[in-house]
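Enquirer: Whole structure, please, built from the sequences with the hints as guidance.
Chains E and X are the protein sequences, given in the same order.
Heads up: the first sequence begins at 1 in our numbering, then just goes up one per residue.
Heads up: the second sequence begins at 1 in our numbering, then just goes up one per residue.
Some hints here could point you the wrong way.
Claimed, not checked - Output of the computed footprint for chain X on chain E, the stretches with three or more beta carbons under 8 Å from beta carbons of chain X:
{"hint": "1", "segment": "37-49"}
{"hint": "2", "segment": "98-109"}
Stated by the list, open to error - In silico SDA-like links for lysine to any residue, alpha-carbon gap of 20 Å or less:
{"hint": "3", "chain 1": "E", "residue 1": "Lys37", "chain 2": "X", "residue 2": "Phe103"}
{"hint": "4", "chain 1": "E", "residue 1": "Lys37", "chain 2": "X", "residue 2": "Ala87"}
{"hint": "5", "chain 1": "E", "residue 1": "Lys58", "chain 2": "X", "residue 2": "Glu101"}
{"hint": "6", "chain 1": "X", "residue 1": "Lys57", "chain 2": "E", "residue 2": "Asp27"}
{"hint": "7", "chain 1": "X", "residue 1": "Lys57", "chain 2": "X", "residue 2": "Asn77"}
{"hint": "8", "chain 1": "X", "residue 1": "Lys13", "chain 2": "X", "residue 2": "Pro61"}
{"hint": "9", "chain 1": "E", "residue 1": "Lys37", "chain 2": "X", "residue 2": "Leu88"}
{"hint": "10", "chain 1": "E", "residue 1": "Lys94", "chain 2": "X", "residue 2": "Gly98"}
{"hint": "11", "chain 1": "E", "residue 1": "Lys94", "chain 2": "X", "residue 2": "Glu101"}
{"hint": "12", "chain 1": "E", "residue 1": "Lys42", "chain 2": "X", "residue 2": "Leu11"}
{"hint": "13", "chain 1": "E", "residue 1": "Lys111", "chain 2": "E", "residue 2": "Gly16"}
{"hint": "14", "chain 1": "E", "residue 1": "Lys37", "chain 2": "X", "residue 2": "Gly40"}
{"hint": "15", "chain 1": "E", "residue 1": "Lys58", "chain 2": "X", "residue 2": "Gly100"}
{"hint": "16", "chain 1": "E", "residue 1": "Lys94", "chain 2": "X", "residue 2": "Gly100"}
{"hint": "17", "chain 1": "E", "residue 1": "Lys57", "chain 2": "X", "residue 2": "Gly100"}
{"hint": "18", "chain 1": "E", "residue 1": "Lys94", "chain 2": "E", "residue 2": "Gly104"}
{"hint": "19", "chain 1": "E", "residue 1": "Lys42", "chain 2": "X", "residue 2": "Ala87"}
{"hint": "20", "chain 1": "E", "residue 1": "Lys22", "chain 2": "X", "residue 2": "Gly40"}
{"hint": "21", "chain 1": "E", "residue 1": "Lys94", "chain 2": "X", "residue 2": "Lys57"}
Hint data in this document are derived by calculation from the structure and do not stem from the laboratory.
Don't be surprised by glycine CBs; every beta carbon is placed ideally from N, CA and C.
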Amino acid sequence: GENVEQHPSTLSVQEGDSAVIKCTYSDSASNYFPWYKQELGKGPQLIIDIRSNVGEKKDQRIAVTLNKTAKHFSLHITETQPEDSAVYFCAAQKAAGNKLTFGGGTRVLVKP
Amino acid sequence: KAGVTQTPRYLIKTRGQQVTLSCSPISGHRSVSWYQQTPGQGLQFLFEYFSETQRNKGNFPGRFSGRQFSNSRSEMNVSTLELGDSALYLCASRAGTGSGELFFGEGSRLTVL
Numbered sequence: 001g002e003n004v005e006q007h008p009s010t011l012s013v014q015e016g017d018s019a020v021i022k023c024t025y026s027d028s029a030s031n032y033f034p035w036y037k038q039e040l041g042k043g044p045q046l047i048i049d050i051r052s053n054v055g056e057k058k059d060q061r062i063a064v065t066l067n068k069t070a071k072h073f074s075l076h077i078t079e080t081q082p083e084d085s086a087v088y089f090c091a092a093q094k095a096a097g098n099k100l101t102f103g104g105g106t107r108v109l110v111k112p
Numbered sequence: 001k002a003g004v005t006q007t008p009r010y011l012i013k014t015r016g017q018q019v020t021l022s023c024s025p026i027s028g029h030r031s032v033s034w035y036q037q038t039p040g041q042g043l044q045f046l047f048e049y050f051s052e053t054q055r056n057k058g059n060f061p062g063r064f065s066g067r068q069f070s071n072s073r074s075e076m077n078v079s080t081l082e083l084g085d086s087a088l089y090l091c092a093s094r095a096g097t098g099s100g101e102l103f104f105g106e107g108s109r110l111t112v113l
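Expert: See the structure below:
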């Protein structure tokens, strides 16, 4: 089955700096790659997603890039703010109707 | 629109007991998925239901089971609880079975003593 690896497991950045989280997936048939943010005491919430026919997608301070050849995708957060502190999960899905497989998560701490 | 509701939010059980967790999806959503979240293993997929049918199943022992009712509400059951079953159990719903946003509840935190 699909396997998603996520690095780093923890990331500490100074407010205003950028944060980058990287994920690799194993199944070349995967074509949907969402990113979820989980704040303390809450369930994960979708922040951005990308499909395999797109190489990059941006939404304000958040961007995701996808390299299908290398089977990896990354989340970039620019101008980090304290409210960006949370656990971030990447995920991959093979096709409609298949399960979503999550990476192990990255705990991001933005220091003021 | 109300979000995904999970009950109970917290519960404590002892080894050997069983537990039933409930999930009410967002109105109109027919797909419900369950995930187990532990510090060491991240988010592990348990199963997904759509229109009362189990569509996908993760790699968990048969002690873990679930079902979905005609109103899309779902329950999961864990029998013969083990210490390692202590986790946050998350339910997520979406409108259909295609790829798209999963809407998560806040989870049911199970502690097994």
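Enquirer: If a hint holds in the structure, say so; if it doesn't, say that too.
Expert: These are the hints, each one checked on the structure:
Taking a C-beta to C-beta cut-off of 8 Å, the segment 37-49 of chain E contributes 7 residues in contact with chain X, enough for the three needed, and the coverage statement holds. Residues of the segment 98-109 of chain E lying with their CB closer than 8 Å to a CB of chain X number 8, which satisfies the three-residue condition for coverage. For the given pair, E:Lys37 sits about 12 Å from X:Phe103 by alpha-carbon distance, which is consistent with the 20 Å threshold. A C-alpha spacing of about 19 Å is found between E:Lys37 and X:Ala87, which places the hinted pair at or below 20 Å, so the restraint holds.
Only pairs whose Cα atoms come within 20 Å are accepted, and E:Lys58 paired with X:Glu101 is accepted, the gap being roughly 17 Å. Proposed proximity of X:Lys57 and E:Asp27 is supported: the alpha carbons are some 18 Å apart, at most 20 Å. Annotation: proposed proximity of X:Lys57 to X:Asn77 holds, straight-line Cα distance about 14 Å (limit 20 Å). With a CA separation close to 19 Å, the supplied pair X:Lys13 and X:Pro61 stays within the 20 Å bound.
Restraint check for E:Lys37 and X:Leu88: satisfied, since their Cα atoms lie roughly 16 Å apart, inside the 20 Å limit. Between the alpha carbons of E:Lys94 and X:Gly98 the distance comes to roughly 10 Å, so the proposed pair stays at or under 20 Å and holds. About 15 Å separates the Cα atoms of E:Lys94 and X:Glu101, which keeps this hinted pair within 20 Å; it holds. With a CA separation close to 17 Å, the supplied pair E:Lys42 and X:Leu11 stays within the 20 Å bound.
Between E:Lys111 and E:Gly16, the direct Cα distance comes to roughly 9 Å. Compliance with the 20 Å bound is thereby established for this hinted pair. For the hint linking E:Lys37 to X:Gly40, the alpha-carbon distance of about 18 Å falls within 20 Å, and the restraint holds. This hinted pair checks out: E:Lys58 and X:Gly100 have alpha carbons roughly 17 Å apart, not beyond 20 Å. Proximity of E:Lys94 to X:Gly100 is assessed by CA-CA distance (about 12 Å); at most 20 Å being required, the pair is judged to hold.
Taken as a hint, the E:Lys57 and X:Gly100 pair is honoured in the structure, with Cα atoms around 16 Å apart against an allowance of 20 Å. At most 20 Å may separate the alpha-carbon atoms for a hinted pair to count; E:Lys94 and E:Gly104 meet this at roughly 18 Å. Note on E:Lys42 and X:Ala87: the hinted pairing holds, with a Cα-Cα distance of about 14 Å set against a maximum of 20 Å. For the given pair, E:Lys22 sits about 19 Å from X:Gly40 by alpha-carbon distance, which is consistent with the 20 Å threshold.
At roughly 15 Å between alpha-carbon atoms, E:Lys94 and X:Lys57 fall within 20 Å of each other, so this suggested pair holds.
Violated hints are absent here; each numbered hint is respected by the structure.
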